[in-house]
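*Asks:* One-letter residues, chain by chain:
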Amino acid sequence: MKVWQKNTILILLVILLAAAPLWLCREAEFGGADGMAAELVEESVPGFEPWFEPILEPASGEIESLLFALQAAVGSGVVCFILGRITARKPDNKDA
Amino acid sequence: MKRLDSCVRLAAALCMALGVLTVSASAMHIAEGYLPRPWAFGWMAVCVPFVAAGMRSIQKRVRDYPRAKVLLAMCGAFAFVLSALKLPSATGSCSHPTGVGLGAILFGPTATTVLGLIVLLFQALLLAHGGITTLGANVFSMAIVGPFVSWGVYLLLKKLKARPAVAVFCAAALGDLVTYVTTSVQLGVVYGNIGEYLTIFAVTQLPLAVAEGLLTVVVFNVLEKYARDELLELSVL
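Going down the list, the sequences are from chains A and B.
Oh and the first sequence: position 65 is 65 in full-length UniProt numbering, straight run, nothing missing.
Oh and the second sequence: position 209 is 209 in full-length UniProt numbering, straight run, nothing missing.
Among these hints, one or two may not hold up.
[What the hints assert, rightly or not] Lysine to aspartate or glutamate pairs mimicking DMTMM-like chemistry, simulated, CA-CA at most 20 Å apart:
hint : chain 1 : residue 1 : chain 2 : residue 2
1    : B       : Lys69     : B       : Glu196
2    : A       : Lys90     : B       : Asp64
3    : A       : Lys90     : B       : Asp229
[To be verified] Covered stretches of chain B (chain A as the covering partner; in silico rule of three or more C-beta atoms under 8 Å from a C-beta of chain A):
hint : region
4    : 42 to 49
5    : 211 to 224
By construction, these hints were calculated from the structure, which means they are not laboratory data.
Quick caveat: nothing in here was measured; it's all calculated off a predicted structure.
For glycine and all other residues, C-beta sits at the position ideal for the given N, C-alpha and C.
Whenever a hint applies, use it, and build me the whole structure from the sequences.
*Replies:* Here it is in structure tokens:
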């Protein structure tokens with residue numbers, strides 16, 4: 001099997017893995033795990049107050065998603081740029 | 001005067017509401033201010049030698065194999081993308097992969113500590129995700145324990161003559177999972193009921209760990225075909 005064929009299958013599997021929970025638990029809220037952990041801390045310590053606040057907080061959910069999108073874009077930009085340069089060379093290993 | 005007072009109160013209430021909202025909207029790591037001071041500073045102290053060793057290891061690698069620089073940048077960027085992807089899990093909550101397995105396999109665990117530190121700093125400073133006070137604890141779980149497990153698993157499977165892709169998958173998936181087990185233990189030793197934290201973090205992480213393993217293999221497959229020389233140079237193969 002060619003590398004791109006193998007990788008297409010692998011990426012399809014990842015998409016399946018990510019989509020399956022949305023089908024399987026349709027009533028779920030899909031909140032963040034660390035928010036749940038923070039709630040659990042607050043429950044187990046009555047009157048819990050974090051002793052330090054984040055220095056900068058995204059002004060809104062929109063700004064937060066902007067920053068997350070930026071993080072993913074910069075990351076995948078660099079990964080794909082480098083993979084692109086690497087694959088532009090002749091393969092080192094013809095039988096892989 | 002009274003109006004000003006009520007304005008201030010309203011503003012404070014709004015800030016609190018916003019704070020609560022953003023806390024519950026984020027998806028991983030120990031949140032800012034959630035570890036008591038001795039633990040917070042203790043974890044930071046634990047991380048210092050690993051970061052120092054990582055800096056030295058990166059310097060040495062870059063000096064010995066200048067070509068490896070590009071791959072190191074790619075490993076950092078890979079961790080950047082994966083930790084921005086909050087994925088739904090079968091437990092009905094969301095979390096994200098860490099992406100540090102690839103760096104650990106290619107460059108070793110301590111070099112990856114430095115990469116993970118950069119990712120965590122970005123998220124703590126700009127996204128209020130994780131935190132400065134909990135940076136030590138989060139670096140320890142995601143950038144020290146995770147990479148060491150990935151690296152160990154990869155070396156072990158390589159010795160056992162497993163196929164490289166299989167070894168990469170297991171290394172990345174287990175490193176990811178153990179990161180979240182560590183987070184659960186870090187919270188559990190302070191606040192009790194480790195089990196509940198394990199359900200929140202580790203069980204949620206199971207399918208995501210598989211996803212991380214698969215995505216790491218995707219990149220590895222390309223490297224194995226086109227960058228075999230570099231992989232040999234880094235003694236990955």
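*Asks:* Test coverage of the region 42 to 49 of chain B by chain A using CB-CB distances below 8 Å; three residues minimum.
*Replies:* Coverage by chain A is violated for the region 42 to 49 of chain B (0 residues, Cβ < 8 Å).
*Asks:* For the pair supplied as a hint, Lys90(A) and Asp64(B), confirm whether the alpha-carbon distance does not exceed 20 Å.
*Replies:* violated, 24 Å
*Asks:* Check the hint pairing Lys90(A) with Asp229(B) against an upper bound of 20 Å on the C-alpha distance.
*Replies:* holds, 12 Å
*Asks:* When you check the alpha-carbon spacing of Lys69(B) and Glu196(B), does it fall within 20 Å?
*Replies:* Distance of about 42 Å is beyond 20 Å: violated.
*Asks:* Is the coverage entry for the region 211 to 224 of chain B by chain A consistent with the three-residue Cβ rule at 8 Å?
*Replies:* It holds: at least three residues are needed, and the region 211 to 224 of chain B offers 10 whose Cβ sits within less than 8 Å of chain A.
Hint violations for this structure: numbers 1, 2 and 4, all remaining hints satisfied.
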